[in-house]
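Q: Protein chains in written order, with this note's numbering: chain A, 13 to 284; chain B, 7 to 353.
Hints were generated in silico from the structure; no laboratory data involved. Each hint should be verified, as a subset may be incorrect.
[To be verified] Cβ pair distances, simulated, as ranges:
hint, chain 1, residue 1, chain 2, residue 2, range
1, A, R178, B, P65, 48 to 54 Å
2, A, E84, B, R99, 38 to 44 Å
3, B, G46, A, R262, 44 to 50 Å
4, A, R121, B, G63, 26 to 32 Å
[What the hints assert, rightly or not] Part of the chain A face toward chain B, derived, beta carbon under 10 Å:
hint, residue
5, E102
6, G106
7, R110
[Claimed, not checked] Some chain A residues flagged as far from chain B (calculated, every beta-carbon gap over 10 Å):
hint, residue
8, G23
9, N61
10, A63
11, E77
12, H126
13, D128
14, E153
15, L163
16, E216
17, M217
18, Y240
19, D243
20, R251
21, T265
This structure is a prediction, so every number in the text was calculated from the model and none was measured. Just so you know, even glycine gets a beta-carbon here, dropped at the ideal spot from N, CA and C.
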Amino acid sequence: MKQIALYGKGGIGKSTTSANLSAALGARGLDVLQIGCDPKRDSTRMLMNGAWIPTVLDLVREKGEDGVSIDEVVREGFAGVRCVEAGGPEPGIGCAGRGIIATFRLLERLGALHGDVIVYDVLGDVVCGGFAMPMREGYAEEVYLVTSGELMSLYAANNIAKAVARLAKRSKQTCSLAGVICNAKNMAGEEELVREFAQRINSEMVAYIPRSRTVQLAEVHKQTVMEYAPDSEQAAVYRELAGRVLTNDRTSTPTPLEMDELEDLALQFAEI
Amino acid sequence: MNSKTLHSSSQRYEGCTLTGALSITAGVEDAVTVVHGPEGCAHHNVSLLHAVMAEQGRPAVPRIVPTGLSEQGVIFGGEEDLAATLRAVADKRPGVIFVLTTCITETIGDDAASVCSEDYGVPVVLLPTAGFLGGCFSDGLNAALTAMAGLADPVEEAGETVTVIGEKNLEYEVEENFTEVERLLASLGLEVGLRFVRDVRYADLKQVGAGRLNILREPSLAPVGEMLKERFGTPYISSFPIGLEGSTAFLEEVGVLLDLRAEEAVRQEEERQRAMLASFADLRGSVFSLDPMTFRALECTPVRRVMEALDLQVDSDDAGVSLPYSPPVGTAGIRRLLHRWRRRVRA
Ligand code: SF4
Chain A
13 MKQIALYGKG GIGKSTTSAN LSAALGARGL DVLQIGCDPK RDSTRMLMNG
63 AWIPTVLDLV REKGEDGVSI DEVVREGFAG VRCVEAGGPE PGIGCAGRGI
113 IATFRLLERL GALHGDVIVY DVLGDVVCGG FAMPMREGYA EEVYLVTSGE
163 LMSLYAANNI AKAVARLAKR SKQTCSLAGV ICNAKNMAGE EELVREFAQR
213 INSEMVAYIP RSRTVQLAEV HKQTVMEYAP DSEQAAVYRE LAGRVLTNDR
263 TSTPTPLEMD ELEDLALQFA EI
Chain B
7 MNSKTLHSSS QRYEGCTLTG ALSITAGVED AVTVVHGPEG CAHHNVSLLH
57 AVMAEQGRPA VPRIVPTGLS EQGVIFGGEE DLAATLRAVA DKRPGVIFVL
107 TTCITETIGD DAASVCSEDY GVPVVLLPTA GFLGGCFSDG LNAALTAMAG
157 LADPVEEAGE TVTVIGEKNL EYEVEENFTE VERLLASLGL EVGLRFVRDV
207 RYADLKQVGA GRLNILREPS LAPVGEMLKE RFGTPYISSF PIGLEGSTAF
257 LEEVGVLLDL RAEEAVRQEE ERQRAMLASF ADLRGSVFSL DPMTFRALEC
307 TPVRRVMEAL DLQVDSDDAG VSLPYSPPVG TAGIRRLLHR WRRRVRA
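Working from the sequences, and respecting the hints, build out all of it.
A: Structure, rendered in structure tokens:
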């Protein structure tokens with residue numbers, strides 16, 4: 013079983029990437045589980061044709077932990093991908109990180125954590141202990157950083173690299189960096205910048221996903237690209253990513269950059 | 007610092023803020039204290055208070071109610087649990103509800119203040135103790151006393167009585183110590199009006215500004231003393247009297263602060279002390295063994311003085327006799343100490 017996690021700045025396209033990756037893996041006949049670890053709970057929507065599936069934490073809130081069954085939290089979507097949303101407390105109250113921890117414990121107890129591939133789609137701006145949970149407790153063994161060439165998303169990716177590096181020092185090391193995915197904004201020099209960034213942090217750019225209108229069109233139709241336009245170029249990109257993820261056996265301990273190194277790097281590639 | 011394994015050791019300064027605050031709020035007879043946090047935060051405190059209160063001959067179970075936060079409360083926030091608990095407690099019509107927060111609820115950011123500000127039909131007083139985030143035992147104790155002092159009514163004119171502030175409700179000789187202070191004050195013609203906070207009701211708390219003089223249990227309560235001095239102009243003495251010299255100095259200090267003649271009271275007290283020492287003449291020249299707690303007590307100058315006066319010796323080889331951890335209060339405290347030593351010597 014392969015357990016991967018996609019981390020990255022909010023709004024960078026993690027969910028789109030995760031959902032299309034899961035769909036591509038599912039289309040290969042693999043048993044895939046995608047878990048959205050974001051209180052926004054929109055990770056699996058496109059796999060579910062736009063439906064908001066009930067979240068684990070909403071069910072826990074209503075019925076208590078013991079009242080929740082596996083069928084309620086795991087829903088089957090496109091290409092047979094099994095979908096879970098962790099959910100979270102209402103904004104501004106309680107502890108969402110603790111919610112993620114509780115969700116994982118529950119999924120484990122319900123026997124939901126199985127299959128050929130588990131894809132964890134994790135909100136990446138916040139990496140408190142709770143959100144680092146997928147990496148920390150050995151749920152996600154391979155971490156992919158999703159970023160564009162924009163400084164703020166590189167900054168977030170770099171921060172997550174720090175978390176991975178820190179966790180690598182633990183006595184029971186369970187996760188490592190498996191690569192960087194460039195979800196492009198179509199800036200000049202973007203591909204080179206992200207490739208260089210990946211190398212500097214001791215990793216590799218495993219996919220360059222060009223910005224494409226097909227993604228927006230698929231979204232309007234409440235579908236993944238894999239479902240909406242399976243023959244498109246963009247679908248081919250996701251298929252390639254899926255192949256790459258499946259065969260990828262190069263993982264590393266990242267060497268995160270200092271803030272000024274990161275800024276210098278961005279400056280080097282920026283269009284002036 | 008925390009090697010308090012002996013029964014005689016009842017000092018708790020390294021404990022949680024909650025324990026400090028509860029040692030005060032539990033002294034208000036018609037109050038219920040709501041601990042906003044997991045059951046455990048309340049439970050171990052209830053056990054502790056109950057055990058110490060029983061030892062003091064008042065076996066009532068302290069009125070403490072936890073909101074009983076579980077992981078669910080932690081994730082989704084505990085404000086609703088707090089409100090529900092307050093409603094349930096208010097139904098029982100206590101004189102006041104004190105609310106203490108724990109490290110858990112402060113960590114997740116519950117807005118206890120706004121929950122407490124709703125109308126429950128009984129007064130609700132929030133003491134944001136915050137568990138470890140709030141500091142330690144003595145911070146909780148000070149915070150509770152200060153908050154309660156803040157409830158005081160304005161006073162026109164100082165009354166006749168003296169107010170005792172911050173007795174150590176979690177100690178073993180609270181009543182004995184109080185009685186001694188009361189006796190010393192009586193020798194100057196003074197009476198204790200309010201024990202802030204022990205054996206009082208919510209309405210009494212409002213009288214805390216009405217005394218002529220405040221007597222703090224110990225110097226670490228100075229912030230409360232200062233606050234009351236600022237607000238009501240009441241002078242304060244920063245500690246209960248310790249040992250023989252402490253007692254006479256106490257009488258003198260009260261005399262100075264209240265403009266009373268203390269010479270006669272001091273003379274009588276010295277007379278009493280001489281007689282008391284004389285009654286222990288049989289101990290003269292005795293040899294004692296030490297235990298760790300005894301050793302602590304011997305560091306206390308007033309205790310050393312008494313040992314010198316009776317020519318007592320220490321032999322460290324033998325198994326020891328245990329003594330009160332905190333310094334003996336007044337002449338009576340020394341007498342109890344000598345009684346214990348006598349029992350030890352004759353055993
Ligand atoms: S330290 Fe925190 S968890 Fe422990 S009793 Fe105090 S408030 Fe409760």
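Q: A separate judgement is required for each hint: does it hold in the structure or not?
A: Checked hints:
no. : hint                       : result
1   : R178/A / P65/B: 48 to 54 Å : holds (52 Å)
2   : E84/A / R99/B: 38 to 44 Å  : holds (43 Å)
3   : G46/B / R262/A: 44 to 50 Å : holds (47 Å)
4   : R121/A / G63/B: 26 to 32 Å : violated (49 Å)
5   : E102                       : holds (8 Å)
6   : G106                       : holds (4 Å)
7   : R110                       : holds (5 Å)
8   : G23                        : holds (25 Å)
9   : N61                        : holds (29 Å)
10  : A63                        : holds (24 Å)
11  : E77                        : violated (7 Å)
12  : H126                       : holds (24 Å)
13  : D128                       : holds (31 Å)
14  : E153                       : holds (26 Å)
15  : L163                       : holds (30 Å)
16  : E216                       : holds (37 Å)
17  : M217                       : holds (37 Å)
18  : Y240                       : holds (36 Å)
19  : D243                       : holds (44 Å)
20  : R251                       : holds (38 Å)
21  : T265                       : holds (31 Å)
Violated hints, in rising order: 4 and 11; the structure is consistent with all others.
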